[in-house]
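Student: These are the residues of each chain, in order.
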Amino acid sequence: DAKTTQPNSMESNEEEPVHLPCNHSTISGTDYIHWYRQLPSQGPEYVIHGLTSNVNNRMASLAIAEDRKSSTLILHRATLRDAAVYYCILRDGNSGYALNFGKGTSLLVTP
Amino acid sequence: GAVVSQHPSWVICKSGTSVKIECRSLDFQATTMFWYRQFPKQSLMLMATSNEGSKATYEQGVEKDKFLINHASLTLSTLTVTSAHPEDSSFYICSARDTLLYNEQFFGPGTRLTVL
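Residue numbers (the numbering used here), protein chains in the order written: chain A, 654 to 764; chain B, -3 to 112.
I should point out that these hints are in silico values taken from the structure, not numbers from a laboratory. It cannot be assumed that every hint is accurate.
[Stated by the list, open to error] With a cut-off of at most 30 Å between alpha-carbon atoms, the simulated DSS-like pairs for lysine-lysine come out as follows:
1) A:K656 / B:K51
2) A:K756 / B:K37
3) A:K656 / B:K60
4) B:K10 / B:K60
5) B:K10 / B:K51
6) B:K60 / B:K16
7) B:K37 / A:K656
8) B:K37 / B:K16
9) A:K756 / B:K60
10) A:K756 / B:K16
11) B:K62 / B:K51
12) B:K10 / A:K722
13) A:K756 / B:K62
14) B:K51 / B:K16
[Stated by the list, open to error] Not close to chain A: a few residues of chain B, all C-beta gaps over 12 Å, as computed:
15) T28
16) E59
17) T74
18) P82
19) S91
20) E100
21) R108
Glycine included, C-beta positions come from ideal geometry on N, C-alpha and C.
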C-alpha cells in the first residue's frame, strides 16, 4: 500500500479554518484518498474521500493536488468538537476495501 | 448516515476465557466487514476481513485460531477471542462496507476488552 505522511499534531483556534496536510508521493492512479477522524475511545468517523477532483461535503472539503502527490483536508470553521485524530488513508480501488491506518494528525482546537 | 453497532461496549474477563464481540450494520447490508485492534496511543491495526458466507481473511501475524470470525448474515459479524490473555486487552473496532455506497466504510463505536 502507498504510504501517507501527516504531521503528528496541529493546533487551531475555534472558529478558524484548519488545513490538515497529507503527503502521498507514491500514490498510484487507482488509489482513492480517504479521510477519517477518531475521537477518544470511539470508532473512526468517515469525513470525506476523493480520487482526482476536489470534493466538498457538509463536514469538510478535500483539496487534491494536480499531481495527486498531496492533499489537504479543510475544516472551514473549527469547533471544539472537531478535536480528534485525523487519518489520511490511501485505498487501492482495485484491491479491496480494507483501510490501513497510519498515525494520523492529532488536532487540538482551543477556544 | 449508516450506523454500525457493537456489543458489548466493554467487557472484563478472566484469563483463559473466551469473549464474543458482535458487530451489526443497523440500516444497511454489509457484504464485507472488517475487524481492527487498537492499543493505547496507537493507530488502528487491521486484523481481518470478513465476507458474508465465506471464511475470513486474516492479516499477517494475526492468529486465526485465536480470533474466530463469523459473518453469517449481511448485517452481523462476530469476533471471538478464544482463551484470552492479558496481552489481548485492547480496543476492538469493526467496520462495515455499505454495498450501495461501496467506497465508504462505517465504523462501530468499539469494544474495550480487559483481560485480568
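Student: For each hint, tell me whether it holds in the structure or not.
Tutor: Evaluation of the provided hints:
A C-alpha spacing of about 28 Å is found between K656 (chain A) and K51 (chain B), which places the hinted pair at or below 30 Å, so the restraint holds. For the suggested pair K756 (chain A) and K37 (chain B), the alpha carbons sit about 9 Å apart, so the restraint of at most 30 Å is met. Between the alpha carbons of K656 (chain A) and K60 (chain B) the distance comes to roughly 27 Å, so the proposed pair stays at or under 30 Å and holds. Proposed proximity of K10 (chain B) and K60 (chain B) is supported: the alpha carbons are some 21 Å apart, at most 30 Å.
At roughly 28 Å between alpha-carbon atoms, K10 (chain B) and K51 (chain B) fall within 30 Å of each other, so this suggested pair holds. The straight-line distance between the Cα atoms of K60 (chain B) and K16 (chain B) is roughly 14 Å, inside the 30 Å bound, and the hint therefore holds. Restraint check for K37 (chain B) and K656 (chain A): the C-alpha separation of about 20 Å stays at or below 30 Å, so the hint holds. Taking the CA atoms of K37 (chain B) and K16 (chain B), the gap is near 24 Å; set against the 30 Å cutoff, the hint holds.
Distance check on the hinted pair: K756 (chain A) and K60 (chain B) sit about 26 Å apart at the alpha-carbon level, within 30 Å; holds. Our distance criterion of 30 Å between C-alpha atoms is met by K756 (chain A) and K16 (chain B), whose separation comes to about 28 Å. In summary, the hint linking K62 (chain B) to K51 (chain B) is supported, as the alpha carbons are separated by about 15 Å, within the 30 Å threshold. Restraint check: the Cα-Cα separation between K10 (chain B) and K722 (chain A) comes to about 48 Å, which exceeds 30 Å; the hinted pair is violated.
The suggested pairing of K756 (chain A) with K62 (chain B) holds, with an alpha-carbon distance near 26 Å, which does not exceed 30 Å. Restraint check for K51 (chain B) and K16 (chain B): satisfied, since their Cα atoms lie roughly 17 Å apart, inside the 30 Å limit. A beta-carbon of chain A comes within 12 Å of the beta-carbon of T28 (chain B); the shortest separation is about 6 Å. Here E59 (chain B) stays apart from chain A, with its beta-carbon at least about 18 Å from theirs, past the 12 Å limit.
No beta-carbon of chain A comes within 12 Å of the beta-carbon of T74 (chain B); the shortest separation is about 17 Å. No Cβ of chain A comes within 12 Å of the Cβ of P82 (chain B); the nearest lies about 20 Å off, and the non-interface call holds. Distance check on S91 (chain B): its Cβ comes as close as 7 Å (rounded) to a Cβ of chain A, failing to clear the 12 Å threshold; non-interface status is violated. The claim that E100 (chain B) is not at the interface with chain A is violated, since a C-beta of that chain comes within 12 Å of its own (minimum 6 Å).
Listed as a non-interface residue, R108 (chain B) fails to keep its Cβ farther than 12 Å from every Cβ of chain A; the least gap is roughly 8 Å.
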